[in-house]
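Chemist: Here is how the chains run, residue by residue.
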Amino acid sequence: MEYSEDEKLLMDYLDGSLEAAGVQELQKRLLRETKLKQKLALYKWGMQTVRVEAIRNLVAQSQHDFLKTRDKDSQVVEKHEPTGIRFTPSFAQWVGIAASILVFVALGGVLYLGNMSGADLYQDKFLSYEISSFRGNAENASGIQDLYRSGDFAAALAVVSPEGDLESISKDELLLLGVASLETDKPQQAITYLNVLQKRNALDQSGELQDERDFYAALAYVQMNNYTEGYALMVDITQDSAHKYNKNFPLGYRTKIKILSLIK
Amino acid sequence: MWNDVQILEALQDATKINQALGRLYDFHYGMLEYFILQNSGTESDAQDTIQETMLVFVTMVQKQKYRGDASIKSMLYSINRNIWLTELRRRKNRSKRDVIFESEKEIEIGDYSLELIKMEGYKMMMELFDKLGKGCKSILTLFYFDNLSMEEIVKKEQYSSEQVLRNKKYKCMKALTAKVESSEELYEKVKTALSHGIQ
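Quick note, the sequences are listed as chains A and B, same order. Residues 771 to 1034 in our numbering are what the first sequence lists, from first letter to last. Residues 36 to 234 in our numbering are what the second sequence lists, from first letter to last.
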């Protein structure tokens, strides 16, 4: 496959191996020669394709390895299952077996739940709050918003003190401080900010960011192992069909929290 | 235990990318698979969708299109969901798709729709890349993905000189682009998908 001088030039340009004078000359030509510009785009796509293909191969290999390990693990479990129990129980025995299994499963469930931590349950449902979907924008963003947007949650929290005067903090910022507290494993602090937001809403009857407040407060309570408060909020959220997070705490999850509120 | 920042850094480091991918699969495969299985998909659908999700995600990380604005978990969930919705749409399973849209719309994040469109263009070009000879694929990958210098590739692939290697690389790249240009229809499709600007 032969290549022209122009093609060689374009590849060198993209590889960064063209000398400065050549770059200037080529850039001038690219401004006026459409075909050359199209060719340049084609070579860019080619370079990027090579990179994407390499990533695809690595991903495929990783997935293959992961699934292989997972299959092997599940086979090990299967091998240990008892086999060949050969007797035919009577009806009464079947009832006994079923009752035993139910008791066993119930005890196992309670033991299993007893070993679960609020942190695990919190992680299971936590969703990052996206500042891109926030009503504020980059032009009028506050320091807290900027720091939150950059992912520096600790710095965002350092802007104010939860014990200090929160009067000047907007509702948007209170929510961000609440979520930033959760992101940095400070659920108690998250509750402080989220409750101030709640009080403001009660005063002005606006309901602004209330759905977000409820969702993150529920998760904060779960993270603190305060399942009673967490469950109560989850029920409120689930029963309100218009609530933004209405589907985020499915029945199975709520049941776990309810049981934990009873046993812990 | 790896955190998001460590995973993102490792995904951009050729020596650590495999480890980082392993962590991504360990941490998130179950969640992504669960979503597909709960929404009319099979295990096989889940495998295909998750593989593409990971590809889109890692490509975005490497192109600096994702810098941790959302957590990795949220981002993967969102990409996975979008790819699966597109697949359901392709299968004309409209009613099921609408159900997912209605129940999950509140967790839509980020705008990576362009990345998904571009991925369609890359898929077309990757088919052509796969048809290149083994030598060509190796040189181009070592140069453009592994970022090895010409000198390093000469040693690794045992070429007689850098100039010989350079000429070979020109020819390989030309061969790839010529395959795209050989069909006007294909060229237009690739152009439509990728002409949003690659960087």
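Calculated from the structure, these hints are not laboratory results. Any given hint might turn out to be false.
No more than 25 angstroms apart at the CA atoms, straight line, and that leaves these computed lysine-lysine pairs for BS3-like [as the list claims (entries may be wrong)]:
id: 1; chain 1: A; residue 1: K1017; chain 2: B; residue 2: K172
id: 2; chain 1: B; residue 1: K190; chain 2: A; residue 2: K805
id: 3; chain 1: B; residue 1: K108; chain 2: A; residue 2: K809
id: 4; chain 1: B; residue 1: K98; chain 2: A; residue 2: K807
id: 5; chain 1: B; residue 1: K191; chain 2: A; residue 2: K798
id: 6; chain 1: A; residue 1: K838; chain 2: B; residue 2: K51
id: 7; chain 1: B; residue 1: K191; chain 2: A; residue 2: K809
id: 8; chain 1: B; residue 1: K204; chain 2: A; residue 2: K814
id: 9; chain 1: A; residue 1: K809; chain 2: B; residue 2: K158
id: 10; chain 1: B; residue 1: K51; chain 2: A; residue 2: K807
id: 11; chain 1: B; residue 1: K166; chain 2: A; residue 2: K814
id: 12; chain 1: B; residue 1: K51; chain 2: A; residue 2: K809
Covered by chain A, according to a simulated footprint, are these stretches of chain B (three or more residues, beta-carbon under 8 angstroms) [as the list claims (entries may be wrong)]:
id: 13; region: 71 to 81
id: 14; region: 91 to 101
id: 15; region: 188 to 200
Glycine included, C-beta positions come from ideal geometry on N, C-alpha and C.
Chemist: Next, verify each hint and record whether it holds.
Modeler: Hints versus structure:
Between K1017 of chain A and K172 of chain B the CA atoms are separated by roughly 47 angstroms; this puts the pair beyond 25 angstroms, and the hint is violated. Among the hinted pairs, K190 of chain B with K805 of chain A is inconsistent with the structure: their alpha-carbon atoms are about 37 angstroms apart, more than 25 angstroms. Note on K108 of chain B and K809 of chain A: the hinted pairing is violated, with a Cα-Cα distance of about 39 angstroms set against a maximum of 25 angstroms. The hinted pair formed by K98 of chain B and K807 of chain A meets the criterion: a straight-line CA distance of about 22 angstroms does not exceed 25 angstroms.
For the hint pairing K191 of chain B with K798 of chain A, the CA-to-CA distance comes to about 38 angstroms; that exceeds 25 angstroms, so the pair is violated. Only pairs whose Cα atoms come within 25 angstroms are accepted, and K838 of chain A paired with K51 of chain B is accepted, the gap being roughly 21 angstroms. Proximity of K191 of chain B to K809 of chain A is assessed by CA-CA distance (about 30 angstroms); at most 25 angstroms being required, the pair is judged violated. Between K204 of chain B and K814 of chain A, the direct Cα distance comes to roughly 15 angstroms. Compliance with the 25 angstroms bound is thereby established for this hinted pair.
Among the hinted pairs, K809 of chain A with K158 of chain B is consistent with the structure: their alpha-carbon atoms are about 20 angstroms apart, no more than 25 angstroms. Straight-line distance between C-alpha atoms of K51 of chain B and K807 of chain A comes to about 36 angstroms, which puts the hinted pair past the 25 angstroms bound. Note on K166 of chain B and K814 of chain A: the hinted pairing holds, with a Cα-Cα distance of about 19 angstroms set against a maximum of 25 angstroms. With a CA separation close to 34 angstroms, the supplied pair K51 of chain B and K809 of chain A exceeds the 25 angstroms bound.
With a cut-off of 8 angstroms between beta carbons, the region 71 to 81 of chain B has 0 residues touching chain A; three or more are needed, and the interface restraint is violated. Counting residues of the region 91 to 101 of chain B whose C-beta lies closer than 8 angstroms to any C-beta of chain A gives 3; at least three are required, and the coverage claim holds. Residues of the region 188 to 200 of chain B with a Cβ under 8 angstroms from some Cβ of chain A number 0, which does not satisfy the need for three, so the listed coverage is violated.
Against the hints set out earlier in the document, violations occur for numbers 1, 2, 3, 5, 7, 10, 12, 13 and 15.
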